[in-house]
Amino acid sequence: MRISSMTLLIGTALLAGGAAAFSHSQTNSNAATATNRRDFLTQSASIAAAATVALPQPSLADEDASDPYADYITTESGMKYLITKEGDGAIPSTGQTVKAHYTGWLDGFDSPKKFDSSRDRGRPFQFKVGAGQVIRGWDEAFSTMKVGERRKIILPSRLAYGDRGAGGIIPGGATLYFDVELLAILSDKESMLRPDVPDEI
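Number 557 marks the last residue of the sequence shown (this note's numbering); no jumps.
Note that these hints are calculated values from the structure, not bench results. Mixed in with the good hints, there may be bad ones.
[To be verified] Label-pair restraints from in silico Cβ distances: (1) Thr-500 / Pro-468: 29 to 35 Å; (2) Ser-473 / Glu-546: 20 to 26 Å; (3) Ile-439 / Gly-464: 14 to 20 Å; (4) Ile-439 / Leu-462: 19 to 25 Å.
Note that the Cβ used here is the ideal one computed from N, Cα and C, for glycine as well.
All chains should be modelled from the sequences, with the hints used to inform the complete structure.
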């Protein structure tokens, strides 16, 4: 349990007050010095402990409540993600073409700063996983997703567009928020029929 600086100050003040009272009692009576000293230490410790218990202590629940992404998993690269719909299909291998939906925001999910959405266009797109056709954070996310899975992912700038930004819309150093869904893994023939590789993701 953590003890706040206020708790320590109050406990110290109580001990100091008890010490002053003890010193005063010593001038009046020397007959029971050893007994008084033991009583003083016992009483002072009890008062300090009571003060510690009485003061409100910060809890882990309060800390979690202050972090809206406490339930997200953080990968070694720094990407955060939360699975919002479980998938039951295969996981794509490097080089396989996938079809996906996405929506992207600046400044948090569902913020007014939505910069792109395949869902709004009503047309999924496709790309090769792990081939560098999309930003690093996407290659990492989709390489571990199952078909049918939907995630919210948070990408620091190093996994997105870095310090350069993109298209005059995404500023340099921006953290990006995506809602992504893996719809299908396409065969080579299917991917050739509709090469909807995005210009820049």
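Evaluation of the provided hints:
1. Our hint of 29 to 35 Å for Thr-500 and Pro-468 holds, since their Cβ atoms are close to 30 Å apart.
2. A hinted range of 20 to 26 Å holds for the C-beta pair Ser-473 and Glu-546, which are about 23 Å apart.
3. Judged by the Cβ atoms, the range 14 to 20 Å given for Ile-439 and Gly-464 holds: they are separated by roughly 19 Å.
4. Under the hint 19 to 25 Å, the C-beta atoms of Ile-439 and Leu-462, about 23 Å apart, fit the expected range.
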